[in-house]
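Number of protein chains: 2
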Amino acid sequence: MGVYRDLGKNFDEWFDWIVKEAEVYDYGRYPIKGMGVWLPYGFKIRKNLIELMRNLLDATGHEEILLPLLIPDNILAKESEHVHGFEDQVYWVTHGGLTPLDIKLALRPTSETPLSYLESLWIKSYKQLPKKYYQFVSVFRYETAATRAMIRVREVTTFKEAHTLHSTFEDSERQVAEAVEIYSSFFRELGIPFTISKRPEWDKFPGAVYTIAFDTLMPDGKTLQIGTVHNLGRSFTIAFNVWIHMPDGSMDYGWQTSYGISERVVATLISIHGDSTGLRLPFKYAPIQVVIVPIPAGPEEVRREIVELCGRILEKLRADGVRSVIDDREDMTPGDKFYYWERRGVPLRLEVGPKEVQGRIITVVRRDNRIRTSIKLEELTEAVKIIGIEYDKAIKNESMEAFSKHVVRTSSLEEARNFIEGNVVEAPWCGRTSCATEVELKIGGKALGTPLKISESEVEGLKCVHCGDRAKTFMRYSRRY
Amino acid sequence: MGVYRDLGKNFDEWFDWIVKEAEVYDYGRYPIKGMGVWLPYGFKIRKNLIELMRNLLDATGHEEILLPLLIPDNILAKESEHVHGFEDQVYWVTHGGLTPLDIKLALRPTSETPLSYLESLWIKSYKQLPKKYYQFVSVFRYETAATRAMIRVREVTTFKEAHTLHSTFEDSERQVAEAVEIYSSFFRELGIPFTISKRPEWDKFPGAVYTIAFDTLMPDGKTLQIGTVHNLGRSFTIAFNVWIHMPDGSMDYGWQTSYGISERVVATLISIHGDSTGLRLPFKYAPIQVVIVPIPAGPEEVRREIVELCGRILEKLRADGVRSVIDDREDMTPGDKFYYWERRGVPLRLEVGPKEVQGRIITVVRRDNRIRTSIKLEELTEAVKIIGIEYDKAIKNESMEAFSKHVVRTSSLEEARNFIEGNVVEAPWCGRTSCATEVELKIGGKALGTPLKISESEVEGLKCVHCGDRAKTFMRYSRRY
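The listed protein sequences correspond, in order, to chains S and Y. Taking the numbering used here, the leading residue of the first sequence gets 1, the next gets one more, and so forth. Taking the numbering used here, the leading residue of the second sequence gets 1, the next gets one more, and so forth.
Possibly wrong hints are sitting among the right ones.
Put simply, identical chains are the same to the list, so a pair is met inside one copy or across any two.
Capping the alpha-carbon separation at 20 Å, the derived lysine to aspartate or glutamate pairs in EDC-like fashion look like this [said to hold, decoys possible]:
(1) K472 with D16
(2) K131 with E23
(3) K472 with D320
(4) K20 with E63
(5) K127 with D328
Read the hints as simulated data drawn from the structure, not as lab findings.
Start from the sequences, fold in the hints, and give me the full structure.
Written out as structure tokens, the structure is:
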């Protein structure tokens, strides 16, 4: 039983099964632990999500670049908190051919250090600012924990990292807000529900002033971090001498932010919308939006007409910009085809049999609720597009509503303990680290952080769930990935 | 003096200058030799070329995938010729954090080995064939030779590698022909002239049965390899047990091809079309197709009208799908702006001053020949598109014609020696390795290989330029990068 809907088996099994079965990602067979292969169908899902993110970033003045994969040891080590956060999990290149390298090279775990080094060469004046760069790249972390397809991998192949530079702290704060807005739009567009939390001090990005994280709830009731936004302050600009001419003629260090998402978005999209049959992809982002399945029956002549009609429909839909395929495999029954495409999450199925040919009426079947609609042939494209929009709305609402039921507030430690399984629990908090740590132990959850905005009235009169002192805010807890 | 046109200074200087000046690629400043940074403008050029290649591959049934970057030592070593070709130039990852790895991991130099490993898991039957995969990835080679932006780098960031699998040798031969056709279309579309040669035995890809290469002539008169197509035979399918059910019920090894291009295409596009002022990008693939430059003059009211008209034109062009910008910087003269955008190779410039406002006539200036045309405001988009097409035709013809003059045939060793500077020389050849090697030494060029098709009549009566025996074909020679 999942948080969102019944997945038939338990979530872990379901996830591994559908990722393989729908040919999204080949995992666990490549002979390096934690590294997988994007298969053609999965690659297309990934590509559509990348395009969506790219559009959001381009529309807000971000510029795409590409930095080298390798970072010299001495560059990575320049910002001390940062390097301590990463040095245990960096892959090191030590040899070129048989020759030992003079200086070892890290496979990038993230690119704050090389980009700051470059910004010290590129950026001279406040007039060039703000500067917003991004790249889609592989990053590498030698994870010692158990790995999992797309969710916890050693090669994160789809890391979108954005890095911005500003002449004032205020402007970097505005950028953090913009990043939060971009990610919110992105996840909302995909129907992925989330909480936005300011991570506790002890859980922020190495080198950051603070970290804001997007967490979603997976069907097994554990939260997964799906995006982070960091205000980096001047940690890296000071370490790398990103030294800028200011409007008043002085020279000073710039201010930075960075924010990232990864292929966890794909894992989440699959998990949150899926059901026991398989994927349910959003119409707008599905690699295949419509599958046409001929239902051969009746005399030879009718069968021929069915094939012809399917062909004409395919042509028309494609010309109208609907990503469509026809499944004319001869060694499969229509029923097997239905199931095949349902597993792959294709939003709409068109059935074309003798009845359809005769009546010039096409049967459209929705993947989410299997509701069938009969559509006049002449109105097919328009109807498909409208049903597609309704379908997207429906699957989004379903996950958003389910999620909202699993974010619960309580001032009782006992209730918190009871709720921690399968929910995000918000409990009043005095602000002391020790109290949050105690609560973590007592309820068996991990602190996610505090909501970005809490009004006075929301916490008025509330007491810290641990020490009983006046609460300043809420701390969120959950079982975390 | 370049092969195509005057580049003002010598080519090497010009190339380094324009790559930096037009903000294509930051090279030589990143603290690892042979690794550079794609800057926003260069990234967009690169992206447009990638899209073109992707369309050609998708249209011919290729499927995009993404394999891990790292290849375990024992996988890379499975095909012996292959590993001997690469082992001296592979970067090795030996540590994860502080922990030495059990088995060292190569940064992919190319992906024949991991993909063949995976195909042994994925492909069971001839019914699944042909299979055509491709990916756009970074590949790494620890080059000891002098490096050069995009042309000879240690991280090739834009490697498009395609890998195909077939049930018969004949089908793999058809695939080679298809690949040659795809690459020919690609380069023709970009106006990049080329020869197609079957590389000599001693210069083929490690593990291949034979290699076909595309070479272009750079402005300095040296040839540059810009694409290769390999028939791999069964070297890798035997090494990796890619063992397939055949139509007759037997089991047998599959047949493979692979083919690749890299960011050398970007370097070539820049070099072949450029002139002493800077880039001249094809209209169809330029990140910015049109720049609108206001020419502020006259009374305040007219100046305001100029600004307004520029804004309206920008809106209209963008709405009509023309990638346009307006340069309204206040601290630059129009003349400086002209030069700025000419360096960046923007194909068309629109000048909007008092005359234009008054006459509702816009001045369009072509980047290639600086010819000015006056266009009625109402006809602007249409005219821009037509001029764009003419411009593309013109710059293509220019480079194709120039190139054709530099491919010369001769049966005289002395002539060959005289021609080798700045040309591709084709000389009759008996087919013996020793003769080609001798000719290389005597004329100071390198053998590129033989043309794919030579008719009997073309070589009839011709004698090997070295030994005087009957010639079987021509061998091409050039100064090579």
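Quick rundown of the hints versus the structure:
Proximity of K472 and D16 under a CA criterion of 20 Å is satisfied in neither setting, with 42 Å inside one chain copy and 59 Å between copies. In the homo-oligomer, the alpha carbons of K131 and E23 lie at most 20 Å apart only across protomers (15 Å), although the nearest pairing inside one protomer, at 39 Å, exceeds that limit. Proximity of K472 to D320 under the C-alpha cut-off of 20 Å is found in neither arrangement, the shortest distances being 55 Å within a copy and 54 Å between copies. In this assembly of identical chains, the alpha carbons of K20 and E63 lie at most 20 Å apart only when taken from different copies (17 Å versus 35 Å within one copy).
Taking the shortest Cα distances, K127 and D328 sit within 20 Å of each other only across copies (15 Å), while inside one copy they are farther apart (60 Å).
Checked against the numbered hints above, the structure violates hints 1, 3; every other hint is satisfied.
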